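In order, the protein sequences belong to chains A and B.
Quick note on this note's numbering: the first sequence kicks off at 39 and runs consecutively.
Quick note on this note's numbering: the second sequence kicks off at 63 and runs consecutively.
Mixed in with the good hints, there may be bad ones.
What the hints assert, rightly or not - Straight-line distance between alpha carbons at most 20 angstroms, and here's what the computed EDC-like set of lysine to aspartate or glutamate pairs gives:
1. B:K104 - A:D76
2. B:K167 - A:D76
3. B:K107 - A:E136
Claimed, not checked - Here are a few chain B residues that face chain A, going by a calculated C-beta distance under 7 angstroms:
4. L108
5. R128
6. Y132
7. P153
Keep in mind the hints are simulated off the structure, nothing from the lab.
Owing to the predicted nature of the structure, the values given are computational and were not obtained by experimental measurement.
Every residue, glycine too, gets a C-beta built ideally from N, C-alpha and C.
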Amino acid sequence: NAGVTQTPKFQVLKTGQSMTLQCAQDMNHNSMYWYRQDPGMGLRLIYYSASEGTTDKGEVPNGYNVSRLNKREFSLRLESAAPSQTSVYFCASMKAYEQYFGPGTRLTVT
Amino acid sequence: RKEVEQDPGPFNVPEGATVAFNCTYSNSASQSFFWYRQDCRKEPKLLMSVYSSGNEDGRFTAQLNRASQYISLLIRDSKLSDSATYLCVAPMNYGGSQGNLIFGKGTKLSVKP
């Protein structure tokens, strides 16, 4: 099992550009999550999906959109990137309160 | 009061030392807690769960004090490989967010030779 995979691993964007971060899990979990992690801020929840077909806002949703394409895949889209969105983005899936994280995407917006 | 609070450290200890981290939580209804470990530039991974008064796994012991609303993680006989950031985690138990987790900002541990 690959667990949780994320693409890309690194990305540099210019302000105003758009991009989609991809996430997939092969553990048949219902719940999936997108977090961002910044120095001194810890992990902050952007969006989550409790099951296929549903998505909900987390703590810091502004500037992002998500799509739960199917049970396996949960994507995060930045429509117009801003320097404040420079961060490390983690996708996770969860079963019984244990979250399994992907390796992260390091995004820099210049 | 923030939902999950941790001392950010860093804790710098020699190999073989015993080190303890504390974490306080605000939601008295929480029933289970977790410690995650995050290595530098890596993703967090579950280290231990705490569902009742405590849990022990080898050199690691997690304890829960419901009356004072804190969780502790004790590491005995520290190894160089224990160097990492340790995240205290509690579940959300309210509203539509049930099942989601709240992560503390983490405590950094550095074990020196």
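Going back to the hint list, which numbers does this structure go against? When the structure is compared with the hints, numbers 5, 6 turn out to be violated.
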